[in-house]
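Just so you know, the sequences run in chain order A and B.
Residue numbering for the first sequence is 1 to 119, as defined by the working numbering.
Residue numbering for the second sequence is 120 to 238, as defined by the working numbering.
Calculated from the structure, these hints are not laboratory results.
Beta carbons: idealized from backbone N, C-alpha and C, even for Gly.
Do not rely on the hints blindly, as some may be mistaken.
To be clear about the criterion: a stretch of chain A counts as covered by chain B if any three or more of its residues have a C-beta under 8 Å from a C-beta of chain B, and this derived list gives those stretches [as the list claims (entries may be wrong)]:
#1 3-17
#2 29-40
#3 76-85
#4 108-115
Number of protein chains: 2
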Amino acid sequence: MEKVGLTSKFASFSDHWSPKIVGELNGQHVKVVKFVGEFVWHHHDHEDEMFLVVKGQFRMEFRDKTVTLNEGEFIIVPRKIEHKPVADRECYVMLFEPASTLNTGNVVNERTLKELKRI
Amino acid sequence: MEKVGLTSKFASFSDHWSPKIVGELNGQHVKVVKFVGEFVWHHHDHEDEMFLVVKGQFRMEFRDKTVTLNEGEFIIVPRKIEHKPVADRECYVMLFEPASTLNTGNVVNERTLKELKRI
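Given these sequences and hints, build the entire structure.
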């Protein structure tokens, strides 16, 4: 049982759209990820996802609306709901989601990551 | 799908050791709680718990060590491990744990809360 510092975790990598596992509990993963630019439209058939902004701002686009999230704000995206995160500038995000969650959900393409690094 | 702001959630209550539910996903609850003083020794038989410091500092006491957590740091306490949070000054904490989790775990006393408020 060691504590985990978000600042040092974010300082330890620089790639984007590549979530890193920083914790695991009850079959769920805690991940950190840096966003910049646009991701892809996707949904998850079986997993709800939580996005908490640690630094910066990003927009979560849905088919019928857009939600802008700032530092200290989170959103829970229910399973089956299509979404696309977009960040005009680099944004640091903490994710909570089941260990089974694939970053691109139902879409498998060059941005899909099947093995996530633990940091 | 509305965003949730931690600052406004923490501003909306003032009691201590009384977690409020601010989100739910995959059978897990996201809660916010204010600590001050000492809680009780307890463990959870079936639930791992995550404590993330949003503001301030607290100590997680274990039977064999103490971990001091500052803003932006978290710890995951595995099921069955006895622990006692202590905060010398008021501390704001976000919790992530299964929906079944009772605040005092295996101990049921005057600090046990069976029905948590959703805010």
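Right, here's what the structure says about each hint:
Given as covered by chain B, the segment 3-17 of chain A passes the check, having 5 residues with a CB less than 8 Å from a CB of that chain where 3 are the minimum. Judged by the Cβ-Cβ criterion of 8 Å, the segment 29-40 of chain A is not covered by chain B as claimed, because only 1 of its residues qualify and three are needed. For a cut-off of 8 Å, the count of residues in the segment 76-85 of chain A with a CB near a CB of chain B stands at 4, and the three-residue condition holds. Chain B is given as covering the segment 108-115 of chain A, and this is violated because 0 residues of the stretch bring a CB closer than 8 Å to a CB of that chain, at least three being needed.
Taken one by one, the earlier hints fail for this structure at numbers 2, 4, listed in ascending order.
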